[in-house]
Structures are given as structure tokens and as C-alpha cells.
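All residue numbers in the sequence shown are consecutive under the numbering used here, ending with 161.
Simulated from the structure, these hints should not be mistaken for lab results. Owing to the predicted nature of the structure, the values given are computational and were not obtained by experimental measurement. Treat the hints with care, as some may be off.
[Claimed, not checked] Only pairs whose alpha carbons sit at most 30 Å apart, straight line, appear in this in silico BS3-like list of lysine-lysine: (1) Lys112 with Lys94; (2) Lys18 with Lys103; (3) Lys112 with Lys86; (4) Lys103 with Lys86; (5) Lys3 with Lys18.
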Amino acid sequence: MRKIDLIIIHCSATPEGKDFTTADIDRWHRQRGFASIGYHFVIYRDGSVHHGRPLAQVGAHCQGHNAHSIGICYIGGLTADGKHPKDSRTEEQKSALVALLRKLRVQFPNAKIRGHREMTCKRAQYEAGFNIAECSRHCANCKFAAKACPSFDATAEYANI
1 MRKIDLIIIH
11 CSATPEGKDF
21 TTADIDRWHR
31 QRGFASIGYH
41 FVIYRDGSVH
51 HGRPLAQVGA
61 HCQGHNAHSI
71 GICYIGGLTA
81 DGKHPKDSRT
91 EEQKSALVAL
101 LRKLRVQFPN
111 AKIRGHREMT
121 CKRAQYEAGF
131 NIAECSRHCA
141 NCKFAAKACP
151 SFDATAEYAN
161 I
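Please model the entire structure based on the sequences and the hints provided.
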């Protein structure tokens with residue numbers, strides 16, 4: 001098994017209230033040149049949890065961190081018109097995500113839980129005292145675009161898991 005030190009939460013960046021499947025995401029990712037769906041788990045609007053890539057396989061969901069992380073995606077993340085970020089998780093998705101995170105933390109007790117938007121550049125990871133809240137995301141070494149995904153603060157919400 002791979003050494004896992006991060007669990008990264010994503011949204012599918014799809015309109016609120018619309019259903020999509022792992023097959024849809026797999027197709028989108030293959031169209032972008034991925035070998036298959038990049039996430040390890042996908043949580044549907046009804047709260048059901050579906051497998052993407054096997055955990056033993058490196059994901060394709062967060063550049064620079066795929067080798068040592070697990071990617072979880074919930075369906076949604078945009079307003080109904082698809083124009084703006086929104087925490088569109090259903091209560092069922094919220095419950096399922098908590099249950100999945102608790103299960104994964106048993107298997108990977110040292111893994112940190114982060115949202116895709118909360119991932120930091122090398123400077124933030126290694127420079128003592130660097131405050132990610134002050135990051136402008138314009139550092140030449142930053143591999144992460146300014147994103148809304150997953151449209152909520154996963155680090156704060158899951159700090160006690």
C-alpha cells in the first residue's frame with residue numbers, strides 16, 4: 001500500500017441538484033488525458049459512496065500530491081446555474097463524507113484532511129510560520145491555481161476527525 005499522508009476533498013464542479021456518476025467523471029478525466037477517473041471515491045447526492053481508482057493506485061486529483069494522497073469528490077459544488085461556487089452538499093453527502101473520513105482515518109491515522117483549494121505550495125509546507133490565508137497564489141513555485149473547490153473549508157470542518 002502507498003504511504004498516505006493526505007486526504008483531499010474535491011467537488012465535481014457541477015450544478016447543484018444535478019446527478020452525475022463515476023462513469024461521467026471517468027469520461028471527463030479520460031477526455032483530459034487521464035488513464036481513468038482521478039478520484040478514489042465519489043459521493044453521490046443521495047449519500048452513496050462509489051469507488052473510483054483503487055486506493056493502492058496513485059490518483060490524479062491534486063498535482064504534486066497524488067502519490068501520497070487519497071482523493072474524494074462529492075457531486076456538486078456550483079450554484080444551480082453552474083456559474084458560481086457553492087457548498088451544495090446534501091445532508092446525505094455530508095453524513096456520508098464524515099463516515100468515509102472516519103473510516104479512512106482508522107486506516108491512515110496520520111493523514112491530514114484538506115480541501116483541494118486549501119492545498120499549499122512548497123513554501124507553505126516547509127517555511128515555518130507561513131500563513132496560507134495570506135497566500136496570494138502567485139508564487140512562481142505554486143502548483144495550485146486559486147480554486148473554490150470543494151466550496152467549503154474542509155480543514156476547519158473536519159478538524160476533529
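So, going through the hints one by one against the coordinates:
Pair hint Lys112 plus Lys94 holds up; C-alpha atoms about 18 Å apart against a cutoff of 30 Å. Of the supplied pair hints, the one linking Lys18 and Lys103 holds, its CA atoms being roughly 27 Å apart against a limit of 30 Å. Between Lys112 and Lys86 the alpha-carbon distance is near 23 Å, which keeps this suggested pair within the 30 Å criterion. A distance of roughly 26 Å separates the Cα atoms of Lys103 and Lys86; the hinted pair therefore holds under the 30 Å criterion.
With a C-alpha separation of about 35 Å, the suggested pair Lys3 and Lys18 falls outside the 30 Å cut-off, and the hint is violated.
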